[in-house]
Amino acid sequence: MRKRGLVNIVGAEVQSVPTSHLRLVPIGVVRRRRWGNMRAHWMSEYIENMASSSSEGQSSIAQKTWEMANNIDTISSLDEIYRYDRKQQQDILAAKPWEKDPHFFKDIKISALALLKMVMHARSGGTLEVMGLLLGKVDANTMMVMDSFALPVEGTETRVNAQAQAYEYMTAYIESAKQVGRHENAIGWYHSHPGYGCWLSGIDVSTQMLNQNFQEPFVAIVIDPVRTISAGKVCLGAFRTYPKGYKPASEEPSEYQTIPLNKIEDFGVHCKQYYSLEVTYFKSSLDRRLLDSLWNKYWVNTLSSSSLLTNADYTTGQIFDLSDKLEQSEAAVGRGVFMLGGTDPHEKRTEDKLLKATKDSCKTTIEIIHGLMAQMIKDRLFNQIKPKQDA
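First residue of the sequence shown: 139, per the numbering used here; consecutive thereafter.
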């Protein structure tokens, strides 16, 4: 007669142990073993909790650093900025103050949640341009972006085109948002410039002019996800175009940014047809939960990636572009003619090009040094931790 067996679970395997193979163990030994197992279990839970707390603490510090780098202000969730006053918006649309003053809108406020969604979308496109829409409202001469969403469009490395499918998706999304209490209208669009800065090309200017003619108020936002990773700060610009035929007065020079040599002509031809808005960011306590959820994904990607490896092609392209600019300046110096009694304007332009090339060189060097410092810190944290030797 076969003896009855007991079930022994070891990991994922289940084995039948005959009772004839069982051996009685003194009760004291059983208690000691049970206490040892319980203590090991408690220690394991304690270590896991400590590791989890440490990870959460590092993630929280990184998130606060990102918010400080991008000057994100925290406001009360009950602030007026979150209330949508339909009558107020209709009155502003009826008055159309932007038609009297082409420079009417001077500032734009973007919610941190919309900002992170735009950056993650632009980063997912890699070297291809992506496109999305902005939802928001207007308060005096300030445009407020409350949310953003991606559009299903086909992009290339130099342009992005919206087809009929994108317009249908856009309409359906806005209508669905209103059904759940989000009454903000489309207030602008965004797209990415992977690796070549935040400005409007000729096609972008034409698109924005068309939008401002038929669905004002409207703003264009440009994001550079490649430079965002290199600099550690969101590279974003917000722009509005002037009416056709309008000649703006001389403005103060904007912050210098590196423009690739093959894009300089497109940038220079259209740079006087639009102006930039002052960009600020905000978040509320209600946004924090959603922001934390998105940040957990962003934090893991940041910790596990290297800007030097991710942007290797971009860095190489920057160096080649700098070399081309220096060769162009050297050739211009060789053709220069010394003029007595005055300064050669050709020589002045050459000096400006050399100055810009110097700024580009400094910017690229700083980004590479930051990437090396980040790699050294990660190496110290994860690769050079040794267990303490017992004396």
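Worth double-checking, as some hints may not be accurate.
Unchecked claim - Distance condition first, Cα-Cα at most 30 Å in a straight line; then the derived DSS-like pairs of lysine-lysine: (1) 234 to 410; (2) 371 to 225; (3) 501 to 463; (4) 371 to 491; (5) 234 to 382.
To be verified - Each pair of labels, with its calculated beta carbon distance range: (6) 354 to 454: 29 to 35 Å; (7) 344 to 451: 25 to 31 Å; (8) 519 to 306: 44 to 50 Å; (9) 290 to 221: 38 to 44 Å; (10) 344 to 519: 47 to 53 Å; (11) 317 to 493: 20 to 26 Å; (12) 354 to 321: 23 to 29 Å; (13) 279 to 302: 45 to 51 Å; (14) 416 to 319: 25 to 31 Å; (15) 416 to 382: 54 to 60 Å; (16) 202 to 290: 30 to 36 Å; (17) 280 to 497: 29 to 35 Å; (18) 233 to 306: 49 to 55 Å.
The set of hints was computed from the structure by calculation and includes no laboratory data. Where is the CB? At the ideal position from N, CA and C, for every residue including glycine.
Do the hints match the structure? See the list:
no.: 1; hint: 234 to 410; result: 23 Å, holds
no.: 2; hint: 371 to 225; result: 37 Å, violated
no.: 3; hint: 501 to 463; result: 15 Å, holds
no.: 4; hint: 371 to 491; result: 26 Å, holds
no.: 5; hint: 234 to 382; result: 17 Å, holds
no.: 6; hint: 354 to 454: 29 to 35 Å; result: 42 Å, violated
no.: 7; hint: 344 to 451: 25 to 31 Å; result: 29 Å, holds
no.: 8; hint: 519 to 306: 44 to 50 Å; result: 48 Å, holds
no.: 9; hint: 290 to 221: 38 to 44 Å; result: 32 Å, violated
no.: 10; hint: 344 to 519: 47 to 53 Å; result: 49 Å, holds
no.: 11; hint: 317 to 493: 20 to 26 Å; result: 55 Å, violated
no.: 12; hint: 354 to 321: 23 to 29 Å; result: 18 Å, violated
no.: 13; hint: 279 to 302: 45 to 51 Å; result: 35 Å, violated
no.: 14; hint: 416 to 319: 25 to 31 Å; result: 30 Å, holds
no.: 15; hint: 416 to 382: 54 to 60 Å; result: 25 Å, violated
no.: 16; hint: 202 to 290: 30 to 36 Å; result: 34 Å, holds
no.: 17; hint: 280 to 497: 29 to 35 Å; result: 31 Å, holds
no.: 18; hint: 233 to 306: 49 to 55 Å; result: 32 Å, violated
Consistency with the previously given hints fails for numbers 2, 6, 9, 11, 12, 13, 15 and 18, ordered from lowest to highest.
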